[in-house]
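Build the full structure now, drawing on both the sequences and the hints.
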Amino acid sequence: MTPSSTVDLKLASDGAANDEKAIGIWKDSFNRLLKNKMAVVSIVVVLIMFFFAIFGPSLTPYDFLTQDLSIRSQPPSAEHWLGTDYLGRDVLSRVIYGARTATLVSFLVVVLSSLIGVVVGSISGYFGGKVDFFLMWFTDLNMAFPNLVLGVVLAVSLRPPAGRWMEQMYLSTLNPVFRQSSLLDLALVVVVITLVAWCPYARLLRSQVMAVRNYNYVLAARALGLPTFTIITKYIIPNAIGPVIVQMSAGMGSAMLTESALSFIGIGINPPIPTWGNMINEGLRQWTSDPHLLLAPALVLGLMTVAFSFLGDGLNDALNPRQWKG
Amino acid sequence: MGEILLDVNDLKTRFRSRGSLVHAVNGVSFHLKRGETLGVVGESGCGKTVTMLSLLRLLPPAAQVESGSALFEEQDLLKMNFRQIQKVRGGKIGLIFQDPMTSFNPVLTIGDQVGESLIYHRHASKEVALERAIELLRLVGISDPEQRVKDYPHQFSGGMRQRAMIAMALACEPELIIADEPTTALDVTIQAQIVELVKDLRDRLGVAIIWITHDLSLVAGLADRIMVMYAGTVVEEATAEELFDDPRHPYTLGLLSALPAFQAEKNVRRLASIPGSPPDLRKQPTSCPFFPRCSFALERCQSELPALQPVAAGKNSSHRMACFVDTRERSAAA
Numbered sequence: 016m017t018p019s020s021t022v023d024l025k026l027a028s029d030g031a032a033n034d035e036k037a038i039g040i041w042k043d044s045f046n047r048l049l050k051n052k053m054a055v056v057s058i059v060v061v062l063i064m065f066f067f068a069i070f071g072p073s074l075t076p077y078d079f080l081t082q083d084l085s086i087r088s089q090p091p092s093a094e095h096w097l098g099t100d101y102l103g104r105d106v107l108s109r110v111i112y113g114a115r116t117a118t119l120v121s122f123l124v125v126v127l128s129s130l131i132g133v134v135v136g137s138i139s140g141y142f143g144g145k146v147d148f149f150l151m152w153f154t155d156l157n158m159a160f161p162n163l164v165l166g167v168v169l170a171v172s173l174r175p176p177a178g179r180w181m182e183q184m185y186l187s188t189l190n191p192v193f194r195q196s197s198l199l200d201l202a203l204v205v206v207v208i209t210l211v212a213w214c215p216y217a218r219l220l221r222s223q224v225m226a227v228r229n230y231n232y233v234l235a236a237r238a239l240g241l242p243t244f245t246i247i248t249k250y251i252i253p254n255a256i257g258p259v260i261v262q263m264s265a266g267m268g269s270a271m272l273t274e275s276a277l278s279f280i281g282i283g284i285n286p287p288i289p290t291w292g293n294m295i296n297e298g299l300r301q302w303t304s305d306p307h308l309l310l311a312p313a314l315v316l317g318l319m320t321v322a323f324s325f326l327g328d329g330l331n332d333a334l335n336p337r338q339w340k341g
Numbered sequence: 221m222g223e224i225l226l227d228v229n230d231l232k233t234r235f236r237s238r239g240s241l242v243h244a245v246n247g248v249s250f251h252l253k254r255g256e257t258l259g260v261v262g263e264s265g266c267g268k269t270v271t272m273l274s275l276l277r278l279l280p281p282a283a284q285v286e287s288g289s290a291l292f293e294e295q296d297l298l299k300m301n302f303r304q305i306q307k308v309r310g311g312k313i314g315l316i317f318q319d320p321m322t323s324f325n326p327v328l329t330i331g332d333q334v335g336e337s338l339i340y341h342r343h344a345s346k347e348v349a350l351e352r353a354i355e356l357l358r359l360v361g362i363s364d365p366e367q368r369v370k371d372y373p374h375q376f377s378g379g380m381r382q383r384a385m386i387a388m389a390l391a392c393e394p395e396l397i398i399a400d401e402p403t404t405a406l407d408v409t410i411q412a413q414i415v416e417l418v419k420d421l422r423d424r425l426g427v428a429i430i431w432i433t434h435d436l437s438l439v440a441g442l443a444d445r446i447m448v449m450y451a452g453t454v455v456e457e458a459t460a461e462e463l464f465d466d467p468r469h470p471y472t473l474g475l476l477s478a479l480p481a482f483q484a485e486k487n488v489r490r491l492a493s494i495p496g497s498p499p500d501l502r503k504q505p506t507s508c509p510f511f512p513r514c515s516f517a518l519e520r521c522q523s524e525l526p527a528l529q530p531v532a533a534g535k536n537s538s539h540r541m542a543c544f545v546d547t548r549e550r551s552a553a554a
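So the protein lines, in turn, are chains A and B.
Every number in the working numbering is 15 more than the matching position in the first sequence, counting from 1.
Every number in the working numbering is 220 more than the matching position in the second sequence, counting from 1.
Take these hints with a grain of salt, some might be off.
[Unchecked claim] In silico SDA-like links for lysine to any residue, alpha-carbon gap of 20 Å or less:
id, chain 1, residue 1, chain 2, residue 2
1, A, Lys145, B, Ala283
2, B, Lys307, A, Leu234
3, B, Lys312, B, His343
Hints are computed from structural coordinates only; laboratory data are not their basis.
If you're wondering where the values come from, they're calculated on a predicted model, not measured in any experiment.
Pasting the structure below:
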């Protein structure tokens, strides 16, 4: 090779490096996510569901509460695509409204529980020692109970004091908001599921933080005298958060399941607000004669849970390029 | 030059390791004047890095400073509270690390990271910090800094990252830069460029430098004084000229004879090496730590620990070493 050609090569490679646009790791991961077919299908399913959850009330063919006892328990037809239930209410409208409840609850649960998990996990992982011991002891204690059992206990024991508080607030402010039992139901369900759901996030982030805190750039940041809060929020959490995002997607599905389970056994969101859980409960009573009443909410719930878990899988592959094949 | 900037006295740092104590730093003392460059030389594991991390209290949790003092601008770094030491880190003392490839946060831009410390030490706004980051990158010789501040670390080459790290350490105009083997991870041509850059910056900014390395030839042209460390102790300390012209400690002699020579007539011999390996630091040393590998060893070396003392009592020099043997006399006799 002649000297001039080495120079040319060097210039060419420098040029290439400059042309390369600044692709952040998030954009890079997003591109990888779009290459995963199952993940893309899941995203579409989830987006459709979000669409119905947000615009549902103006899209439903009938009101979800309107009863028509003359058309009780009808099979699917042209007027009622998914039939009617035992009070003659339109099942499609109720499933769509149930999507609203499920999405709202699971979204709030995932945001709140991952927030708690990130705070607990990063403090535990970064500081270690006694702080870590105490926080993880508490987390393990929480995780030792089966989710649903703990949820039932919390839901039952939190309801009376919360109800009394709402009553007091109403008496002192006379604001009708505090008289809405459906609001109390919703808040309770979100709080209860959050209280049982934050632990995996905390454990996950803790283990990630413990690895990241030993990286050179964290030492470099400490050597620059940056405040601990900045180091945790700008140097550690962004580099440790990947698995938590995966867990958040799977968490949406499992929060929906837990919400349905609580409603199913009657201590979650109560009728007349439709949720997939209480629809399944009602459908179960007559499922031999009118299986569509059970199948419609159950299938939608199943579809959503599967979609969120595939999306989680896709995110996992997209955010962990080292595991990614192809 | 003149006023003493950093005065370290009898620094001892221990590591707890599976039930035993590792005496990583054993009574290290040295001082540094303003604007002075001190080269710290020694093989891997001799306590160079641990000494410097002890000063800034950046040691891993298993390590602890047992005793000693480190006066920086007349304040003891080892007795400062967290807030005070945080102000010193990055503000008064900048640190440059060995591995530029892993010393940047991959999710922040170079500009963010270079300017970051200004926001905390100087209460600069984001805009001011970014402007200063551009200035700093230009200062360390990165072309087109206005565009480059927006780049992420992976878009920088190793040499450029090391330049950026130097810029990061210089951001708050520190009095002292501690460079921990800053060129070890770089290839030889880039090494030379970085050394030239640091020399140039030192002359322009008047910053004091502690340059840690295992390569004596690297600091030869850079340092005013050189300190040779072995097994957690300082074995010899002298001005650069004295150390190369008149080395005294057997370990220094060994290091110097292990350097490749560039003069043609010396090139015929094979490179010398020092036989043996460094001592186990789990035992509190009671004899000269270099004794088992030393070709000059006396019986006394086995039972007593030599202290760091001036080489010649009458001579007005800073040349100190920790050895009982007058190696010049012995070599001449042999």
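Here is how each hint holds up against the structure:
no.	hint	result
1	Lys145(A) / Ala283(B)	18 Å, holds
2	Lys307(B) / Leu234(A)	15 Å, holds
3	Lys312(B) / His343(B)	15 Å, holds
In this structure, every one of the numbered hints holds.
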